[in-house]
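So the chains spell out like this:
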Amino acid sequence: MNRRALIVIAVLLAAACVLPFLVSNYRTFQFTLVLVYAIALLGLNILTGYNGQISLGHGAFYAIGAYTAAILMDKFGVPYWATVPVAGAVCLLVGFLFGLPALRLEGLYLALATFALGVSMPQLLKYHHLEKWTGGVQGIVIAKPDPPFGLPLNPDQWLYYFTLAVMLVMFFLAWNLLRGRIGRAMMAIRDQHIAAEAMGVNTAMVKSLTFGVSALYTGVAGALGAIAVQFVAPDSFNIFLSIVFLVGIVIGGLASIPGAIFGAIFIQFVPNIADELSKAAPWAIFGVFLIGFVYLLPYGVAGAIRMLLARLARKGQNNRSPAG
Amino acid sequence: MDAFFHQVLAGLATGGIYASVALALVMIYQATHLINFAQGELAMFCTYLAWALINAGFGYWPAFLLTVGLSFLLGVAIERVVIRPVENSPVLAVVVVFIGLLVILNSITGWIFTYTMKTFPSPFPTEPLFGNRFISSHEIGAICVTLVVLLLLYAFFRFTPLGLAMRAAAQNPASAKLVGIRVGWMLALGWGLAAAIGAVAGMMVAPIVFLDPNMMGGILLYAFAAALVGGVDSPGGAVFGGFLVGVLENVLGAFVIGNELKLAVALVLIIGVLVVRPSGFFGKVHVTRV
Amino acid sequence: MKHILVPIAALLAAALASPAALAQKKYDPGATDKEIKIGNINPYSGPASAYGTIGKAIGAYFKKVNDEGGINGRKINYISVDDGYSPPKTVEMARKLVEQDEVLLLFQPLGTPPNSAIHKYMNAKKVPQLFVATGATKWNDPKGHPWTMGWQPNYQTEGTIYAKHILKNKPNAKIAVLYQNDDYGKDYLKGFKDGLGAKASMIVKEVSYEVADPTVDSQIVQLQASGADTFFNITIPKFAAQAIRKSYDIGWKPVHYLNNVSASVGAVLTPAGLDKSVGLISTQYLKDPTDAAWASDPAVLEWTAFMAKYYPEGDKIDAANFYAWAVAKTMEQVLKQAGNNLTRENVMKQAASLKDFVLAASLPGIKINTSPTDFAPFESVQLIKFDGKQWVRFGEVMGK
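Chains as they are written, first to last, in the numbering used here: chain B, -8 to 315; chain C, 0 to 289; chain G, 313 to 712.
No lab work stands behind these hints, which were simulated from the structure alone.
Warning: the hint list may mix true and false statements.
[Said to hold, decoys possible] Here are the simulated distance ranges between beta carbons:
id, chain 1, residue 1, chain 2, residue 2, range
1, B, L121, C, N54, 42 to 48 Å
2, C, F254, B, P76, 40 to 46 Å
3, G, E614, B, F260, 39 to 45 Å
4, B, K135, G, A510, 41 to 47 Å
5, C, R276, B, R305, 50 to 56 Å
6, B, L94, G, D541, 52 to 58 Å
7, G, K565, C, L64, 36 to 42 Å
8, B, N(-7), C, H32, 39 to 45 Å
Predicted model only: the values in this text are computed from it and were never measured.
Beta carbons: idealized from backbone N, C-alpha and C, even for Gly.
Please work from the sequences and hints to get the whole structure.
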């Protein structure tokens, strides 16, 4: 990464750290959710953007992460910060196991299989034999964590910083993974999987692992989300959630780490805007935004910014170099 | 034994619903090689058009035919205006556009017609055939309509030059263009036909499940399962798949796993078919050459 | 001249009187001299969007109130937002309404999961969560949650009433139950089983369905196969109509108890078939505007006029729109009683002091009663039976 990128990141980071003191608690809560969705979207992007496997069911992994955290906190008294890695581990396993049969599926078929997973998840969560743990249809209420060590923060602010810290760690790990050997293997599989196989990439292992890692990220997000909202119930995790995640990565930009953040901002704030514009048909407006973005900005916000910067750079070069 | 037989018949009745929607899915797939996630909502919207016509005073059959025509035009329009710009985009972009269509159609229908459920008339007699108590005349009629549409589709693809041209355009657009087939219009035609079939499916389904904007939500997943089980490029397979899924869902739900896991049945079916035999029972096996 | 001067003098005297003589004006955030801000959260999108009409109808009613001068001279500023029936969104919206829009109270948030998600928050913030749109039993908890109150008769009470009716009239019944697999369905079932008590084994078969299911035909077939002769039908309107029709078509004629949520003549029985609905038993606490029995009732006429003028796009056979009108009137009454003391504490106090409050919309003999230890406004219901044309009330008003 060049120096300019590092400066940009530093500035953004500083802004993010100061944010809770500049805005109301309600906004801090909303931004905490933005961070949560950013992690979830990064997870989906790892699978779909970098590895080419379409998933319309990632809401299911978000649900598993959320319920893991909720059950651990509610039934076993586990402290909130310990539930996050456990949720990640559980989803890593589940994602990997789902990825195995999914190996044989391409494009639309995989979309279909994951769509089925997303649709059936709420029913699985309501299953009465699991009710003892999941709380069934009533869901589980979680207590809000207090800032530790008597820090002079209110719970909303503390949760924001906690989520921010987790997000930074997860983003750094992802960045590291994606620019290394495995990342290149993932992208090779996405672009030309037969050639990749021929070149010795263990496509089966990479694809399944990618599914697992992607699920891990979304599961961690689910756990953080559950802690922020303090409530989990089966019907919150229906197919619309999976659809919203997909929307997020397309808007934000596929195969782009900053894209996850743009996408998260979109899916958190645009429904609210649509709600203000029209009580009658809020999702219609959401749908129009969606299609509009696909037409006008097919590489998402991140892609558009990239192209803009490239164009500016080129202009700068043209201005600088004398012709002939 | 009587209970089992009854569940099977009830399953065939619901299966008829899945089969008709699956037919529309297969139609789009054959024309464009795309799985249209918005198919259910499109069918539902067209059914509302029919309802509006009937409410405005049209008789059932005039409204039926008019709706089929309007749906055809709507399908063509959607392909030309909404799908055309993203034709050559990666699959994901197309899927997102479908999802966008899905939410827009659902939302607009609710806005125009409200969410209160409405009755939709049936052209078939209300007394059950032979006074049987297992399956209503409408359900039998709907199955017959589905079979008729299936036959028409089969004849269209197999015996008409237009049907051949459509299949060619979907399978090998480049070669099809070279022999003079207007690929763009073939795609639009495919969409138009699918929308029309979907409208017929909707009008057969609505008297059973009642008309409301969310009526196709649950059906869509089972219709996907049906299309996959039967073979996503085989209309006959889709119909067979529909009946199979309907019966399995009912019988398993009643006697084996309980009603709480019926959606999971669809999930397992879909994944199972895709993993074990992706081309379904009657589809063509695709071999990719390196 | 004198008889004009005296009133004028009195008026002048009152106007010049010191503020202490006027009623004390006390305000919490959301209330001013000019307006009262009321927040509402409804599912305008998503799977429960059918209920979004309630939020709209309430808004229409408050507009009517404003057109007629408001409440004690203050206009109602009604802010309704969408949560898509998704609890995380409900939490966010509740925080927005309370912390950003600074409403005086939250009125009629809809759904058990959404309200469960904000239950703790509203009580911690000490903001009224008033007349919630769900029939769950947990809202009647003045000690634990003094800022939350329900409105409609709760589901468990209704289930218990049916159970007791069966025990009294058909003690050897074999009961089948169809219920929606969520909090609403399970709450009814619990009340029903509690009502049967030791005789809960009278239930020979209970089956569930999901809202996403296309039909409940398979479930009805299962219930018939169980040999049951009594049927407790816990379904929402769409599936209730299917269940009534299918039962008739397969020749199953149990004693059929239908939950109150789906007891509308226009929205459920007509699509199912009036002839197929003969003998249905249910309960009611409000009048059914689609029932011919109330066609010339003043309340129904008033509601019809209101719908025509203020909410013409609302469906007139949707019982939810009548419910919305009735609950909005209750809110109006509470605010009227609060007078100039518009603190949140006083609003809750007034809501908890409704004594034999008669809503024109409710059935004869059914009144609203609340007290500091009783946070359940509607607790009584009337048993009704369908005769092929209308619902006929029988027995006495049951419940408290």
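Which hints, by number, does the structure contradict? As far as the earlier hints go, not one is violated by this structure.
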